[in-house]
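Peer 1: Model the full structure from these sequences, guided by the hints.
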Amino acid sequence: SAVISQKPSRDICQRGTSLTIQCQVDSQVTMMFWYRQQPGQSLTLIATANQGSEATYESGFVIDKFPISRPNLTFSTLTVSNMSPEDSSIYLCSVSLDTQETQYFGPGTRLLVL
Amino acid sequence: RKEVEQDPGPFNVPEGATVAFNCTYSNSASQSFFWYRQDCRKEPKLLMSVYSSGNEDGRFTAQLNRASQYISLLIRDSKLSDSATYLCVVLERGDYKLSFGAGTTVTVRA
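Top to bottom, those sequences are chains A and B. For the first sequence, counting from 1, position 107 maps to 471 in the numbering used here; every step adds exactly one. For the second sequence, counting from 1, position 85 maps to 170 in the numbering used here; every step adds exactly one.
Please keep in mind that the hints were generated in silico from the structure rather than gathered at the bench. All values derive from a computational prediction rather than experimental measurement. Careful: at least some of the hints might be erroneous.
[To be verified] No more than 20 angstroms apart at the CA atoms, straight line, and that leaves these computed lysine to aspartate or glutamate pairs for EDC-like: (1) 127/B to 451/A; (2) 429/A to 418/A; (3) 87/B to 422/A; (4) 182/B to 418/A; (5) 182/B to 465/A; (6) 130/B to 465/A; (7) 429/A to 375/A; (8) 127/B to 167/B; (9) 371/A to 451/A; (10) 130/B to 390/A; (11) 127/B to 375/A.
Peer 2: Pasting the structure below:
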């Protein structure tokens with residue numbers, strides 16, 4: 365498995381502002397992903413973070429709203445831009461190790477937008 | 086139709102009981118299957134992969150039925166610490182994207 369940390373662990377933000385969430389892994393990984401889990405619901409994939417190129421977004425998610433960076437094989441950021449209360453959610457990063465299909469999740473970032 | 090469907094529960098069982106629940110998936114090309122466990126206010130953690138022949142891990146048994154496109158999880162001799170939401174997760178062939186069910190909530194009472 366991998367040890368994954370996320371910062372911040374939680375935040376309360378005003379609408380219209382932006383928040384950048386960091387995901388750090390203790391080893392180099394091939395695949396990194398960003399998910400959202402809204403209250404009482406399961407996980408929805410936002411995008412796959414690609415090292416050295418633009419992220420691959422899922423239907424319903426766009427780069428202007430959720431810009432993602434992945435400068436190397438151990439680190440990624442997700443920015444939630446121009447936030448509204450509907451963006452209140454838990455944001456999780458996950459990684460897939462080279463030889464495994466299973467994914468391991470970071471502890472999540474709890475975001476509340478007022 | 087959702088890709089992965091689960092009975093949301095809750096399943097409320099006494100300690101020591103056996104509890105079982107299923108998950109159905111819509112894409113017959115799905116190739117890998119997992120059960121994840123998510124505790125309240127925590128991230129999902131891998132419980133076990135599900136193999137075609139079925140597999141056990143201690144008190145947990147997972148089964149896969151490709152013909153009917155469902156997987157199951159059985160928990161024997163339930164412990165209080167088994168209380169959690171169990172997420173059914175499916176991976177399609179040739180893809181790294183996971184599809185998550187909404188979860189089945191299990192509560193084990195003393």
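Peer 1: Taking the hints in turn, state whether each one holds.
Peer 2: Checked hints:
1. 127/B to 451/A: holds (19 angstroms)
2. 429/A to 418/A: Satisfied, since the Cα-Cα distance of roughly 14 angstroms is no more than 20 angstroms.
3. 87/B to 422/A: holds (16 angstroms)
4. 182/B to 418/A: holds (17 angstroms)
5. 182/B to 465/A: With Cα atoms ~9 angstroms apart, residue 182/B and residue 465/A stay inside 20 angstroms; holds.
6. 130/B to 465/A: Measuring from Cα to Cα gives roughly 14 angstroms; hence the hint holds.
7. 429/A to 375/A: Between residue 429/A and residue 375/A the Cα gap is close to 18 angstroms, so the pair holds against 20 angstroms.
8. 127/B to 167/B: holds (14 angstroms)
9. 371/A to 451/A: holds (17 angstroms)
10. 130/B to 390/A: OK: residue 130/B and residue 390/A at ~17 angstroms, within 20 angstroms.
11. 127/B to 375/A: OK: residue 127/B and residue 375/A at ~16 angstroms, within 20 angstroms.
Hint check: no violations occur; every hint is consistent with the structure.
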